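S.K.: Residue numbers (our numbering), protein chains in the order written: chain P, 1 to 495; chain E, 1 to 175.
Because the hints were derived from the structure by calculation, they are not lab data.
Bear in mind the structure is a predicted one, so any value in this text is a computation, not a measurement.
Please note that the accuracy of each hint is not assured.
If you want the footprint, here are the derived chain E segments under chain P, 3+ residues with CB under 8 angstroms [stated by the list, open to error]:
hint : region
1    : 22–31
2    : 58–71
3    : 109–120
4    : 123–130
5    : 146–156
In this text, a Cβ means the ideal position worked out from N, Cα and C, and glycines have one as well.
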Amino acid sequence: MQRVLIANRGEIAVRIARGCRALGLSPIAVYSEADRSAPHVAAADAAVCVGPAPARESYLDTKAILAAARATRADAVHPGYGFFSENAAFAEAVEGAGLVWVGPPPSAIATMGDKLAARATAAKAGVPLVPGSEIAAGDVASAKEAAARLGYPILVKAAAGGGGKGMRTVASETELAEALAAATREATAAFADGRVYLEKQIVRPRHVEVQVLGDRHGTLVHLGERECSIQRRHQKIVEETPCPVMTPALRAQMTDAAHAAARAVGYVSAGTVEFLLDESGRFYFLEMNTRLQVEHPVTELATGVDMVVAQLRIAAGEPLGFAQADVRPRGHAIEARVYAEDPQQSFFPSAGPILALHEPSGPGVRVDSGIRAGFTVPIEYDPLLSKVSAWGADRRAAIDRLAIALTETIVLGPTTNLAFLRDVLAHAAFRAGNTHTDFLSEHVPAWRPAARADLAALVAAVASARPAARGADGAGLRTEPTPWETLGRWRLGGT
Amino acid sequence: MSAQVKLRTGGHTLAVAVVPDGGGLAATVDGAAHRVGTIVATATASVGHAIVEELVLEVDGQPLRAVVARTRDRIHVAVGGDSFVFERVDDAHGGGAAGAGSGSVVAPMPGKVVKVLVAVGDAVTAGQPLVVVEAMKMETTLAAEIDGTVRALGATPGAMVDAGAVLVELAPAAT
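Only chain E is shown next, with the shape it has when bound in the complex (with noise of 0.2 angstroms):
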């Protein structure tokens, strides 16, 4: 049985594959090989929807400290006093094509939706402004990440919407 995830965090997608091995996990990240020894979770805790676990793991022979926290659609991860947040990588969704640009514009934070800049069925050019949100009194354009038609409009002027709604989608143009 082999086990394998993909990953991305900051416009990178990383592939990460587990295996058992003797007494632990034989482990790949991006080809680089690891080994993960001895597991241990203590304090595990519900916050919100999240899954929140501190973890002692053994990786190539050090003692390694650990805080994950699992929500649906995110994992966060604290380790040697760096965060970084993962979205999982579905492949059977398209998601290798999303180094290429996303056709739907999401909402990077909670906020307020100010102004709506396109309207359905609008061509829309890589770049071009779409949605200006606010959050903390600071106003934020969003803009599409690939040419395209607007699909469907998830956002109206005045509206609170939570982080990850979907604002536009787009459909791809034709190539």
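Next up, chain P with everything else stripped away, as it sits in the complex (with noise of 0.2 angstroms):
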């Protein structure tokens, strides 16, 4: 294994090249013509264009990507998460074309990825399932049964499903039947399969999650746990470990259980194993996601593990190297994701140029970035810019640090997250570590940012007037004339 094509773009494919480079494997990377100056590109040393910018069409084009792989001579495909991730038949098309699949077998994508699949092999290896029922197609009556005796609140999820498609939250029998209609409805057009179940809604509870990773030569090991917790449309925006509730003798349980589950699919690479913790320190099967995490970071920071050195090593055949013994996590790491996205409309997407990026450093910061000034943020695509993450002693030392981090980071041009996130990590209940799913709903419900513009006007104000306003003379460092001279030159409003 030498030449590694990473079916990817964004921050992941940035930390992927890293990866590759570590080892001294040569990484490829894939773009689409939206990408075509993305750091992704640069951080590559040879680039294939693999289509327009609907992802369809370049990043999600089986053939495309294999014809990158030959025109390039890799020998190896890592897919990141999304995208073609957790995609039996592409893992398949892959190694059948002769290249190594930077993942776990296919097999255990295909059952992991089926909800109703995972859920059997899960109970068949005692892990502990969400009280659920299946449905058959439009059976309503049964359904109606069915969910009278798991109790309401229920969940309705396709089987299919993933990231929130087809679900949806039934508080009492009358709204049953729309409810199934229409999460089929949203399922056989996100998945082509329209099949649904139902699970008992847990009442606020946790999501913790447990990290494995496994050779081909039979070791598999835990590398603790996250919690993320901090959800917005069901997708995570802050991540942390340890999961602040966590006990030596719950972790053991639930990382047995990872163990078990893992285990029943012949598990290899990195995988992750997610429960729901309710507050009577039970914990419920949610699914296995058979790909590196976006949340990986914390878990590096804390263990001292290389989770992308470790997947290429898996694939090329090597022994992990060490064992369950070996790993000892140290101290506390939390993770923001800063998106494209306007919090003060329903996270609503934002796009367009990068003006200006200012990434922050310091004592136990990383940043994971798939950005840089001048690069414009494409439409078709997830809105995530970067990874800010923070280790420290503890789990205050740790939220400090991410904090200032957060105040340091600078993006100018589309809308971010970056005060929302500020403010969830100052929250009395954040800090108390009293999270559970529904934390944003229930303590940022209509978030409006608190800083008062008063003086970002005046800086705006006092920019505006000067000459280089009307300049643009280019990059360079200069000292400006003093206000005096700048004033003889004042252009805005007036008389």
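Hints are included, so try docking the two chains, each in its own frame, into the full complex.
M.R.: Encoded structure:
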């Protein structure tokens, strides 16, 4: 294995390129026409345009990706997360083309990708499940019966689901028929698979997940847990390790369950077993993500394990090289996802050119970025710009460092969630570790930025009046004249 | 010589006035007085159509670091960990009436026009949905801010539009 094609974009493609270089492997990028000048292209040794902006015609075009691998003499493919990462057919196509697939066996992807098959597999392995029930298509009568048995509120979920698509909360029986129909419609549209099932809704759960890593030689370890309860639109925006309420006994149970679920599908490579943890300390299997997670940096910060390097070495057939007893997480790590989106407008995605960018640094701070000044954030993809993570000796120290790092971060151009993230980190309930998956709707329901615009308006007015406003004479380091001289050329308003 | 400008952000308009005073500037923002001392710019650059500057100022005796990006119609400012986008309000063009809602419906971000719900000549009421646009697989419905009549359409279904593109122009209803 020498040349690794990275079938992804953005921050994760940059991250994977770093992992390749750490092993002396040559990273190869693919890009769509919208990403020609993206940082992930510059991070690679070679890059191939795989099609126009829409993902379906580029990053999700199997033929184009495999042709790019052939053209660049790549011998392995790393899918990152999203796109093809949990697509068993693509994994098989990669292996069929004689390339190394940097991920789990396609059979494990297929089993865990079907939520009903995943539930059956977990149950058989003795892993506790969220109480639920399969529903025959259109059988509202037996759905009502099952829902009554489970007890409202319940969730209707898509068997092929993910990312909240095909998911509905049902508070009472009167809403059930309509929710079933809507979820089926949405699931059919999103996954070409309309099967849905019911799950009892766990009240105020924490989202806690266990990172596992397995090689082809029978070693399977866990790298501890992450709590990812801070979510909007069923997507995580803040993740940390350890979980603030974890105890050694609970961790032992939960990691054993994760181990059993992973073993049950012959898991190899990096994977994540997700659980809901209820207020009484009981936990339930949610699903297994058969890929590298967005939030893997917090685990890396706490354990010192480079997970991309581990994935690449495992894919090359090497043994993992360490055992469970060698995994000794230290301190606390936390990540915030910086998105181009507007927290005041239901987190609606933003886009457009990045006019100015300053990324943070400092003790214990890590930045995984997929942007640069001058890059235009395309409207076609997930609006994740970068991830800012911090490590500290304890939870408070880690949160403090992250808050400072987010204050240092400057992104001018698209609207971002930076101020929102800072307010979440500053919230008393978050500081106290009182988190659950409805945290944002409960504690920050109608967020408005607290900062006053006065000072910024003053700066804007002063800047506008300066001669450079009309000069546009390019880059350079200069000392500007005093306000006396500047005001002589004032042109805005006034008489 | 007095210099003043009106800047709009998040639905608020701030009046800023600056006059030379001693070795610096005397400024007011919505009537509140500030003193601006030394101004030094480091690293001035052009990014696309924007002029980007890092400024070090002294405001009310406190040092202040800011990044400012100016495009033709907007001023982006990052200061003290927060970012703002200002639009210049031009009094000569009736900007003062903006508080009562604008007759133009513009694209909030670059995206694709999914549906156009009105035609030229249609009478509309404030709050009525006019256009559906999509960005990053999310749809948003843009509504009329005022009662009026559709004077012009800048949107056709399927078209890609830039942020700020005028999608619907309304003639205000006679009062």
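S.K.: Now, for every hint given, state plainly whether the structure supports it.
M.R.: Status of each hint after checking the structure:
Counting residues of the region 22–31 of chain E whose CB lies closer than 8 angstroms to any CB of chain P gives 6, so the stated coverage by that chain holds, three being the minimum. Given as covered by chain P, the region 58–71 of chain E passes the check, having 8 residues with a CB less than 8 angstroms from a CB of that chain where 3 are the minimum. By the rule of at least three residues with a Cβ nearer than 8 angstroms to a Cβ of chain P, the coverage given for the region 109–120 of chain E holds, with 4 such residues. With 0 residues having a Cβ less than 8 angstroms from any Cβ of chain P, the region 123–130 of chain E misses the three-residue criterion, and the hint is violated.
Beta-carbon proximity to chain P at under 8 angstroms applies to 0 residues in the region 146–156 of chain E; the threshold of 3 is not reached and the given coverage is violated.
Going down the numbered hints, you'll see the structure goes against 4 and 5, while the others check out.
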